[in-house]
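Start from the sequences, fold in the hints, and give me the full structure.
So the sequence lines, in the order shown, correspond to chains S and E.
End of the first sequence sits at 759 in our numbering; the numbers just go up one at a time, nothing left out.
End of the second sequence sits at 1275 in our numbering; the numbers just go up one at a time, nothing left out.
Hints are supplied without guarantee of correctness; some may be wrong.
[As the list claims (entries may be wrong)] Derived pair list, reagent style BS3-like, types lysine-lysine, alpha-carbon separation capped at 25 Å:
| hint | chain 1 | residue 1 | chain 2 | residue 2 |
| --- | --- | --- | --- | --- |
| 1 | S | Lys560 | E | Lys1229 |
| 2 | S | Lys362 | E | Lys1108 |
| 3 | E | Lys1229 | E | Lys1179 |
| 4 | E | Lys1107 | S | Lys362 |
| 5 | S | Lys126 | S | Lys720 |
| 6 | E | Lys1108 | E | Lys1091 |
| 7 | E | Lys1131 | S | Lys560 |
| 8 | E | Lys1131 | E | Lys1229 |
[Claimed, not checked] To give an idea of the interface, some chain E residues facing chain S are shown, with a C-beta separation under 10 Å as derived from the structure:
| hint | residue |
| --- | --- |
| 9 | Gly1073 |
| 10 | Gln1074 |
| 11 | Glu1127 |
| 12 | Tyr1132 |
| 13 | Leu1157 |
| 14 | Leu1158 |
| 15 | Arg1159 |
| 16 | Phe1162 |
| 17 | Cys1206 |
| 18 | Phe1227 |
| 19 | Lys1229 |
| 20 | Thr1231 |
| 21 | Ile1269 |
| 22 | Thr1274 |
| 23 | His1275 |
[Claimed, not checked] Over 10 Å on every C-beta distance to chain E, these chain S residues come out as not near it, computed from the model:
| hint | residue |
| --- | --- |
| 24 | Glu11 |
| 25 | Thr67 |
| 26 | Glu125 |
| 27 | Arg144 |
| 28 | Glu450 |
| 29 | Arg568 |
| 30 | Pro626 |
| 31 | Gly649 |
| 32 | Gly704 |
| 33 | Ile742 |
Just so you know, the hints here were simulated from the structure itself, not pulled from any lab data.
Using N, Cα and C, we set each Cβ at its ideal position, and we do this for glycine too.
Spelled out, the chains give:
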Amino acid sequence: MLEWLLKYPLEVYRTGHIGLRHAPRLELVVLIVAAVAVWAWWSYGRQSASRGGAGRALLATVRTISTLLVLLCLAGPVLRTRKQEDSQTIVAAAIDVSRSMGLPAADGAASRLERAQGALHLLTEKLTRAGIDVRIYAIGASARPTTAEQLARMSAADDSTHLAAALREIVQAARGAALDAIVLLSDGVETGSADPVATARYAASRGIAVHAVGFGRAQMDNDVEIVEVRCPRQAERGTAVELHAAIRRGGITAPLELRLFHDALLLRSEPVPPADGDRPVTVRMTFIPERDGPADLTLEVPPAPGETIVENNRRSIHIDVRETRVEVLLVEGSPRHEYAFIRRAMHDNRHFKVVTLLRLGKGQYYHRGDDDSILSEGFPDSAEKLARFKAVILSDIEASFFTEQQLALLADFVRVRGGGLLMLGGVNSFNLGGYGRTVLADLLPVYLTESDVAASFDDSEYSLVATPEGSAHEILRLLPDPAENAAQWALMPPLRGLNPLYRAKPGAMVLATASTPDGAGRRPILLAVQDVGAGRTAAFAPANSWRWKMLRRHDDDAFKRFWGQMIRWLAAGAREMLVVNLDSNIASPHNPLKIMASVSDRRQRPFNDAKVSAVITDPFGRELPPFPIPWSLREDGLYEETFVPDQPGQYGVKVQAVTPNGRLEAQSSFYVAESSDEFLRPTMDAECLRRIAAAGGGTVELNGMVNAAAEAILAAARAKRTLLDVIEERELRDAPALLLGIVALWLTEWVVRRRRGLA
Amino acid sequence: MMTGRSTRAAIFGSLTVLPVAWTALCGWCSIAVYAAAPATMPSGGAAAPAGHDSPATPYLSARPAGEDRVRTGQFYFPRLQFQCRQDIPDKWDVHPIGDQRLREEVKKLTNINILTDPVVVNLDRPEEMCKYPFVFMTAEGDFVLPEANVATLREYLLRGGFLAADDCVLYGRGDNFYKAFIREMARVFPDNPMRPVPKDHEIFNCYFKLDGAPHMQGVKHPAMGLFDKETGRLMVFLTSGDIHCGWVGYPQFGKTNIQAAFQMGVNIIVYCLTH
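Written out as structure tokens, the structure is:
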């Protein structure tokens, strides 16, 4: 009964204290009390029946008290007690179930996943005992909620480990819930492209600590591993493709061989050189694709006796082999041997179509290969005409041959279209041709200012000396080894005649100099290259490179290779109006693959209003229904869509873009295979785990133990509980005792008034 | 001690002076008056052939010598020294003035920076010879190349060299050089015989439009060519009509023929430098 009257148990009143939610200042309280008392006294003083000292005082007192009680209710009376809120700590345990977790743990007795499952069990037990809610996620390419029972039945089967994506998904899944920490149980092998450290930092910024527990060996013995393979995604049929494979010998000193297979057919094999410690060694390999279309290749190092992991001895490579003809415009100032030999070298090469504009005399041109007669009036005067070419060679032709507009077109051709521009030596080239004050001077890799060039053509004899950069550069590559290549160039016949150029621009690369220094001891630059905007430029100072052909045996192909490589390098940056790129040309089943199409108009400006669609051809040669590729807000002219392949094999991608200029088409391909990326780094990536923990503000243990993580989480949980101690306010305005008191006072007043004849 | 061959080579340059004086004394006017309209350069160089009797145009006289032309590169017109039979009167070094006159005409007529210095190359010095991707060869009589020279010539041509040959015509009526040349080239390229060069071939219209090779004197044979088996490039060009003597400018050939001889010479050089 008493508890009902007071609304709360007496125990609560004992531990708490009563107050007002809207407590006025003491002076105001006194003033109100006095005002109410005066008002009550004054109100009964006007009535004659109440006159009489005792009666008036009684009535005024009762009215004052009742009024003050009403005012008290309005001020919000509360009972304040201290409350320790029951704060729930939630922890996500993210356990890596990718294939690399199936590798042996550090002690070799069990797999990493088995060790991780044991560690998770311990962690769960410790945390649950402290009232902490542990939620379990299995992570691979993504994070999947699971239970301890389900996890116990799981095997290490995921093809990839995207730690960054998985961590982000866990953080986002916890949105709204009070996730306090993530414990990552993994070997740290990240096969995705995103940075898990950045994701850990993001989690920490949301108050979620990321702890890392590592499994696996820090160093793997007796295991050969193909660490990395670099090769082009596209290649020309009949042109040598160069592969670079980084191989870690893993302590194996026996002779090893790197083999390249195409459809089980051995194409090449190269010995793996001895290693310096645990550092990977690079093996270079070249092959010439003979067929058009996608080529699926396999690089393999046969397993050494007793090798622990053989999955990382093999890598799949996918190359799109095409036969395209690069159209090159060669503008020649007058007939000379250099023109004839260069043209011959490129004419013999089926990868090039050389369109030549040769000035025979004033207003007289000789043009070859110009099927569309776009050169009938001389050098192209519009970007559309020039856009047909991927590279332009200016061979001994003076700047005044071109109009200002044509020079500006050439500059745009390089900067915007990504075309290549090469200036050859001659009496009308570089500064001698009056290019010093033109826009082309800004594009060339050498300075044409008076102090940096000689005033006249140098007709002396010299040899080409490849610089260290040049020895390894694709333009000058006659032999794969840079040192041997430089030696090979030293054996090339001497040339005669050059434009003495002495200073390269800061962004340029000098690939070759002349063997003979000038009077001041400076060696003229023979070949310099640089990237300009989207394109490339090169300056080749010699005027008689044909000597490399005439003064070598007829079957020596150095001259032809040099010019082929030069043109290919120049044209490499030239953009098509529709370009299809895939984020990878090797994909895994059920993993999304991004298809990106870049569309531009004839002036190479990004075009956003195209209707772009793609048709995928599956491994059985069936065309899947076409799907649109929407414009990406990320970049002008870029259209993006993802495709999820479901089965292994060869896929073709045909992209169409409908623009006001017509229908454009481009093709690409990719190969879907069970990924062996998981075994690329069979050792635990301790550094990655350390960095994740550091960024996530958590602990790291690389021995598979969870003690530090558990302690840190428990300590955080305790601290969180202290922080959540709060003062609880309980309403008293509706306490029955208060209401009854007011009513009782009003009744008392009424009864007294009635007795005195006032009511 | 100088051998006979080296003596010839040494005096070759000095021989250029005498014929110049001779022709000047003969009152032979400048060959510049034998003007012809250069062929319009169509796409791909395919122009309709024009007869060498086409009327003279003021092309040459209207064209200033030098200022409007930008000469680039360096082109030499070397004479090939080879072993000739001793019993023939005019050997490999016959009439160097013809070469000189052609060089001067090429300089006037075209944009080619042809150097007027006489140059002699020798099949016995292949590396020196290969510094000149174009060589000219003429003589009056039969000749037989030594085996070493055969190999040298084959290598030279395969590297990219061009050989222009003309029969100087023994006593104005023979064709000994022409026949010997074809025979010797069969030794150089046994698997690739010389073939007649069709009249619509670019060498006859790449600069001037000509109706085949001009003929000054001797037995009239078709112009023969040795074509690269892979690219079709003309590597060797042989004429039987003594166009070289046309360059010398013997009046008995007639102005029109002499004009055609020069045009053929220009075309041979332009073809070499554009193919």
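Hints, one by one, checked against the model:
no., hint, result
1, S/Lys560 <-> E/Lys1229, "holds, 18 Å"
2, S/Lys362 <-> E/Lys1108, "holds, 13 Å"
3, E/Lys1229 <-> E/Lys1179, "holds, 22 Å"
4, E/Lys1107 <-> S/Lys362, "holds, 14 Å"
5, S/Lys126 <-> S/Lys720, "holds, 17 Å"
6, E/Lys1108 <-> E/Lys1091, "violated, 29 Å"
7, E/Lys1131 <-> S/Lys560, "holds, 18 Å"
8, E/Lys1131 <-> E/Lys1229, "holds, 24 Å"
9, Gly1073, "holds, 3 Å"
10, Gln1074, "holds, 7 Å"
11, Glu1127, "holds, 7 Å"
12, Tyr1132, "holds, 8 Å"
13, Leu1157, "holds, 8 Å"
14, Leu1158, "holds, 4 Å"
15, Arg1159, "holds, 5 Å"
16, Phe1162, "holds, 9 Å"
17, Cys1206, "holds, 8 Å"
18, Phe1227, "violated, 14 Å"
19, Lys1229, "violated, 13 Å"
20, Thr1231, "holds, 6 Å"
21, Ile1269, "holds, 8 Å"
22, Thr1274, "holds, 6 Å"
23, His1275, "holds, 6 Å"
24, Glu11, "holds, 108 Å"
25, Thr67, "holds, 113 Å"
26, Glu125, "holds, 80 Å"
27, Arg144, "holds, 63 Å"
28, Glu450, "holds, 22 Å"
29, Arg568, "holds, 21 Å"
30, Pro626, "holds, 41 Å"
31, Gly649, "holds, 40 Å"
32, Gly704, "holds, 68 Å"
33, Ile742, "holds, 112 Å"
Violated hints for the displayed structure, listed by number in ascending order: 6, 18, 19.
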